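**Student:** Chains as they are written, first to last, in numbering that gives the first Met the number 0: chain A, 0 to 441; chain B, 0 to 336.
The hints are simulated quantities; they were obtained by calculation from the structure and are not laboratory data. This structure is a prediction, so every number in the text was calculated from the model and none was measured. Hints are not guaranteed to be accurate.
With a straight-line cut-off of 27 Å between C-alpha atoms, the simulated DSS-like cross-links for lysine-lysine are [as the list claims (entries may be wrong)]:
1. A:168 / B:300
2. A:390 / A:206
3. A:204 / A:354
4. A:47 / A:349
5. B:257 / B:189
6. B:186 / A:117
7. A:117 / B:257
8. A:40 / A:51
9. A:204 / A:216
10. A:168 / B:301
11. A:216 / A:354
12. A:204 / A:349
Stretch-level coverage of chain A by chain B, calculated; a stretch enters the list once three of its residues show a Cβ under 8 Å from a Cβ in chain B [as the list claims (entries may be wrong)]:
13. 48-62
14. 103-112
15. 231-243
Chain A residues, not near chain B, derived (Cβ > 10 Å throughout) [as the list claims (entries may be wrong)]:
16. 69
17. 98
18. 405
Where is the CB? At the ideal position from N, CA and C, for every residue including glycine.
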Amino acid sequence: MDDFMAARSQMALSLAFHIVFSCIGMVMPFFMAVAHFYWLKTGNVVYKNVTKAWSKGVAIFFATGAVSGTVLSFELGLLFPEFMKHAGPIFGMPFSLEGTAFFIEAIFLGFFLYGWDKFNKWFHWFTGLLVGISGIISGILVVAANAWMNSPSGFDFVNGQYLNIDPIKAMFNAAWFSEALHMCIAAVSATGFAVAGVHAWMILKKKNIQFHTAAFKIAVVFAGIAALLQPLSGDISAKNVAKLQPPKLAAMEAVYHTESGVPLLIGGIPNDSAQQVKYAIRLPKLLSFLAYDNFNATIKGMDEIPAKNRPPVPVTHYAFQIMVGFGMLMAVIAVLYFIIVLKKKSWRNKRWLLKLFAYATPIGFIAVEAGWTVTEVGRQPWIIYGIMRTKDAVTPMPGIAVTFYVFTAVYLSLSFIVAFMLYRQIKMVGKLYDIPLENKSV
Amino acid sequence: MLYVVIAFLWMSIWLYLLFGGADFGAGILELFTREQNKGRTRRTMYRAIGPIWEANHMWLIIAIVILFVGFPVIYSEMSVYLHIPLMIMLLGIIARGTAFSFRHYDAVVDDMQILYNRIFTWSSLITPLFLGIIAGSSVSGTIDTQATDFVHAYIFSWLDWFNVAIGLFTVAICAFLAAVFLVGEVKNDKDRRRFTIKARSANIFAIIFGTLVFIIAWLEKIPLTKWIFGNAISLTAIITALLSLVLLWYLLLKGKTKILRLLAGFQVTMILLAITYPHFPNIVLLRDGSTLSLLDNHGDKKTIQSLAVALLGGSIFILPALFYLMYSFKKPLLENE
Numbered sequence: 000m001d002d003f004m005a006a007r008s009q010m011a012l013s014l015a016f017h018i019v020f021s022c023i024g025m026v027m028p029f030f031m032a033v034a035h036f037y038w039l040k041t042g043n044v045v046y047k048n049v050t051k052a053w054s055k056g057v058a059i060f061f062a063t064g065a066v067s068g069t070v071l072s073f074e075l076g077l078l079f080p081e082f083m084k085h086a087g088p089i090f091g092m093p094f095s096l097e098g099t100a101f102f103i104e105a106i107f108l109g110f111f112l113y114g115w116d117k118f119n120k121w122f123h124w125f126t127g128l129l130v131g132i133s134g135i136i137s138g139i140l141v142v143a144a145n146a147w148m149n150s151p152s153g154f155d156f157v158n159g160q161y162l163n164i165d166p167i168k169a170m171f172n173a174a175w176f177s178e179a180l181h182m183c184i185a186a187v188s189a190t191g192f193a194v195a196g197v198h199a200w201m202i203l204k205k206k207n208i209q210f211h212t213a214a215f216k217i218a219v220v221f222a223g224i225a226a227l228l229q230p231l232s233g234d235i236s237a238k239n240v241a242k243l244q245p246p247k248l249a250a251m252e253a254v255y256h257t258e259s260g261v262p263l264l265i266g267g268i269p270n271d272s273a274q275q276v277k278y279a280i281r282l283p284k285l286l287s288f289l290a291y292d293n294f295n296a297t298i299k300g301m302d303e304i305p306a307k308n309r310p311p312v313p314v315t316h317y318a319f320q321i322m323v324g325f326g327m328l329m330a331v332i333a334v335l336y337f338i339i340v341l342k343k344k345s346w347r348n349k350r351w352l353l354k355l356f357a358y359a360t361p362i363g364f365i366a367v368e369a370g371w372t373v374t375e376v377g378r379q380p381w382i383i384y385g386i387m388r389t390k391d392a393v394t395p396m397p398g399i400a401v402t403f404y405v406f407t408a409v410y411l412s413l414s415f416i417v418a419f420m421l422y423r424q425i426k427m428v429g430k431l432y433d434i435p436l437e438n439k440s441v
Numbered sequence: 000m001l002y003v004v005i006a007f008l009w010m011s012i013w014l015y016l017l018f019g020g021a022d023f024g025a026g027i028l029e030l031f032t033r034e035q036n037k038g039r040t041r042r043t044m045y046r047a048i049g050p051i052w053e054a055n056h057m058w059l060i061i062a063i064v065i066l067f068v069g070f071p072v073i074y075s076e077m078s079v080y081l082h083i084p085l086m087i088m089l090l091g092i093i094a095r096g097t098a099f100s101f102r103h104y105d106a107v108v109d110d111m112q113i114l115y116n117r118i119f120t121w122s123s124l125i126t127p128l129f130l131g132i133i134a135g136s137s138v139s140g141t142i143d144t145q146a147t148d149f150v151h152a153y154i155f156s157w158l159d160w161f162n163v164a165i166g167l168f169t170v171a172i173c174a175f176l177a178a179v180f181l182v183g184e185v186k187n188d189k190d191r192r193r194f195t196i197k198a199r200s201a202n203i204f205a206i207i208f209g210t211l212v213f214i215i216a217w218l219e220k221i222p223l224t225k226w227i228f229g230n231a232i233s234l235t236a237i238i239t240a241l242l243s244l245v246l247l248w249y250l251l252l253k254g255k256t257k258i259l260r261l262l263a264g265f266q267v268t269m270i271l272l273a274i275t276y277p278h279f280p281n282i283v284l285l286r287d288g289s290t291l292s293l294l295d296n297h298g299d300k301k302t303i304q305s306l307a308v309a310l311l312g313g314s315i316f317i318l319p320a321l322f323y324l325m326y327s328f329k330k331p332l333l334e335n336e
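Just chain B, same shape as in the assembly (with noise of 0.2 Å):
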């Protein structure tokens, strides 16, 4: 039942890496937006993500809830030495999710909403990027949980170069998904290659990150290198990664909008699987060397059964009704936005 959950906790990640960070790609997007284009991109991202909108970021509820009920003292030692980009990540949880619904809730259109927007979109970028910081403080070992002073203890826990990388990397992934997400959604071309150039850009910007990414860990002594090529799960999911990449650039060149959003959620996986892989059981390694591992820091054997059931019986209900959701919203196409 063990490995339900956590098959579960790594499914729930996985879902809002892919659809809430779609989500908040697509603010970012609207962010490096022309002021002209501005509005056309916002009316196809309503459009487009409206629907599941709300849904989208249930995955990170699941998430959190997973792990205070199943392992509650990774759950708090998170809390405790990250607490101060979780307190940002959720600052910037409210001000998106109440702008967007102000944004387009509000019965009067006019000057509140350049308000509205300037918050939804640069909280759009701030909340992946505390979200990776936030993924990488659990790996990189910037945690220290001997630390006795304020700065170590609770400022270099996590404001770090490696983690600072990872975050970038996680806003350019959010973009480059919903950029390609979008091209799929529009129909005339002029959309389709505005977000076409930016699906090319944010996944410059992601190979330029990633690379920065790999840089610091060497210069900052993490064995990332050893993590991702040093097992045949990580590296095979690596090179099919790199495989589809090449793909996705020759479809994404001749115009072709058919796969990409399987090509690009395919990447995403693959790289979330080669960066998770390697840690596994551990979820949190520490300055200390000591690691928090999934399978010695669970709950009691009944916790973890009900949270078992609790979870499968729950996606009965969640998966159909999701799915149609999707399919539903996705039968008429976006004409001539």
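So that you can see chain A by itself, here it is in the shape it has in the complex (with noise of 0.2 Å):
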């Protein structure tokens, strides 16, 4: 592996593992809080229980999700120095903002876990929610700069020069708004489907069905209006690339040809030498509708852009339909669920429709990695859009592949040990949290 692969690979790596943490630690705070809600409006004790095993999932999602944000923020120089020289000061904004939201998420995790039974009960909720406003806010700042990157602002670039710098310009991007918003809708869908599926494994296995069903009642509600909306933020998303990123939109739906009245493809094999896709579901016009709202636009393909500056077709095409496949069928689940539970509330524990959440516990986050994907390997070879190469901006350090193969190590075992750690927390439920009182027939 050279060393342009390896930082990149690394750079890769470390966010595919950050995003997973970040977006629990972002989400689960607020499911925390309505069964927090629930237990103070009503004494019921599953409730407090619910909380209390949630909480301690946020503890150790916040702290896998502050060390490797922190390793991000050193790696962003160590791997990328070049980048970090002239994009820093310009887009360095939503990060100085993004410190202090992170800082008082922490300082606000303290008072909620070590503040029970020591404040008055609303604060002691208030401090809940607040980790979690200030975990959606710091959410939205990151997802601030990388827009930048996707559509760099805020500055005038002259003969390799980066000048007039506006950092507020900078951070309110022509892409900021879509892809932020898109990120915390996923996000809350990610976690919540996971979090469900969890519940439902454990309600189908019979175990502490009480505690179980509290907790996935709550989970899916989140879930469920999180994939409903999340096509329309898609939507956005989409039109603001094709304005802003021809080549990212080219790539993600294979279009090598610039036509009118494009096909929007579902599935498919892209050829790069071929220049065609082959075994794609073609739906007419349908892309050019989406992207432009008219079914005649004209869409720019890959044979107008440079080859230097394309993207890689294939990896972007698939990571797209991944996204979006797994986006529209947690959307058709929360269909179900919602006509399902408005027509008889008992239906909720029918065992196939528990099965279905219990598969689909993983799908929110592949999605989330996939779209990922789409954003960040849609947008090279740049890494600044149009201003800096990626292969431009690496560190000159030889031996990154250690490097690269010793955080793989690190972060394949702490991805064991956390899964690990969650497997004995769900088995501990009955011992630590459920009521003994347990009616069985619910």
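Two chains, each in its own frame: build the complex with the hints.
**Tutor:** Okay, here's the thing in structure tokens:
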């Protein structure tokens, strides 16, 4: 593996790892706050137990997300120093604000985790909610920084110089809103499906049914609403990409030739050398419509982009298909669930429905990883779109492959340990969190 | 506005050294605690530091964000030449942060705890060691931007006796801060004696390693004595630190726990001041004699302005919340831990 590839892989690996933990750390506090609210309102101990159990999860995910985020803030410079030298002062604004948001999150997590029976109960509840709110704010800010890499603004690029820097303008770049919206909703639905799925498994296994049903009901509402909203934000994102980064759109949908009235491709295997896609389902004119609200709009194909500026089509296309596919699947499950529950509440406990959620546990996160791949790989070969190439930003230090292998080993073992610990948390629910008088008929 | 940003940079390094340092130190103390007492040390530290644990480490993030937003050239030069120690420090941060939360939030308590504890204590030692090495490398003139071969550019830029001695000194200071902090946290005599002894030995190690730093500086012709004794401010800082050290020893020997914490914090602050003051505005001294100055290498005016506003605005939210957090968890003292 050459150094350039190793640096990119290490960054990709670190982000892929961080994104899972930060999504959960950002969204789960809201689930927790809802359970906590129910408990304070109704006095039903089941909800207190759910709150406590989830708060352990939040602590584990927050700690892991925080360290992997710290690593990222260093890795930006360690792996791509040339990028940071120029980009730092321009896109740094969201990072400095994110520092504040993240700090507040850490402080209030301290209040919440250690504050049981120490504070006024509503103040305590509020600290938990603040963890979630500041988490979402820091998520939005980080995504705004990433959006700047896709749609750089807030400076003039003159003869290789970055002049007239305006950090506020850079933060509110053209892509920040659509990217942040899409990412936040994705975080909620991915976390919602993952949490609901785990509790569905446990209900199916007939373990601590009351506890898991309470938890499932909260998570599934978040998951369902987010999954229904996501196609809308996806549409906003797609239109934005069409406007700001035509090569990315072309790669996402494997458009090799500039045409008008371009069909939307579902699936298919792109072939770069033959410049065509095989085995895809083609929905006539739909891509033109989705991108430009016009069935006959022209879409720029790869043939109009100079070879050295083309993003890799197959990876981007596959990732996009996976993201959209799982996104749609989640929306369908959400519709199904809401229909069923509106018709008859007790149907929620049908085994097939629970099984559906159980199998759907990982799909939200697969979609998140795929979506992030679309954003990042679709921007290549640029690290700052249209301004700086990724290969010109990489560190001059040789031997990056070594650190890549070390970090791979570390992240793999961490993922393994976290999974193992979650397994143990769930296994121990009966002992730690369940109330003694369990109503088996629920 | 530039000076506001620089002040925040110094403040976050300082607070990271104090709070993060005490945090690292608690892990170091646990590493050097006899097996039968380890559980007690662990519990004491968890209750004393647990609530502000995550917040302690935010200072590092603030410092690094200030550096890359405000002083990107310095940030990227350090990232290139100190790549290896920074990576090792990062591995330490990952290992420590995760092992801490794993050992306290794992639902089952079994042999896995041995693994978590081992990872936690060793990374508590390695992380500040490399932090110290990185800090040493920035002032000892070991970074060679002219080097063309791997070893000189990326290894000898930090691997040097002086830097290692600074690293060891940092480790001792962290252990000292933690021990003094914990002396005031426990209420029973046995534990108080234990932490008092640890505070003394950590202090002795700090003095030994500090002397070592001066000896190596003399051997390697690093003008450390000139930096520290050559200007009024550093000189005053060092003298007051020494005077307060005498008082601290007196109180430690007498078994008094009041104001120990303030004294220890004061000493570390004075040491940092004495070292950083003579270099200002330079933050990195390079082998070829040139320097990376905070005044010459900052980002655009507008960047610095908005960074300063963000930092000032942020501290309005952060500082009161942080103080209230510390205050509210200081009220109930730990009985019979």
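**Student:** Would you mind marking each hint as holding or not holding in the structure?
**Tutor:** Tested hints:
no., hint, in the structure
1, A:168 / B:300, "holds (15 Å)"
2, A:390 / A:206, "violated (53 Å)"
3, A:204 / A:354, "holds (11 Å)"
4, A:47 / A:349, "holds (26 Å)"
5, B:257 / B:189, "holds (17 Å)"
6, B:186 / A:117, "holds (20 Å)"
7, A:117 / B:257, "holds (25 Å)"
8, A:40 / A:51, "holds (16 Å)"
9, A:204 / A:216, "holds (17 Å)"
10, A:168 / B:301, "holds (11 Å)"
11, A:216 / A:354, "holds (15 Å)"
12, A:204 / A:349, "holds (13 Å)"
13, 48-62, "holds (count 5)"
14, 103-112, "holds (count 8)"
15, 231-243, "violated (count 0)"
16, 69, "violated (6 Å)"
17, 98, "violated (5 Å)"
18, 405, "violated (7 Å)"
In summary, the structure is inconsistent with hints 2, 15, 16, 17, 18 from the numbered list given earlier, while agreeing with the others.
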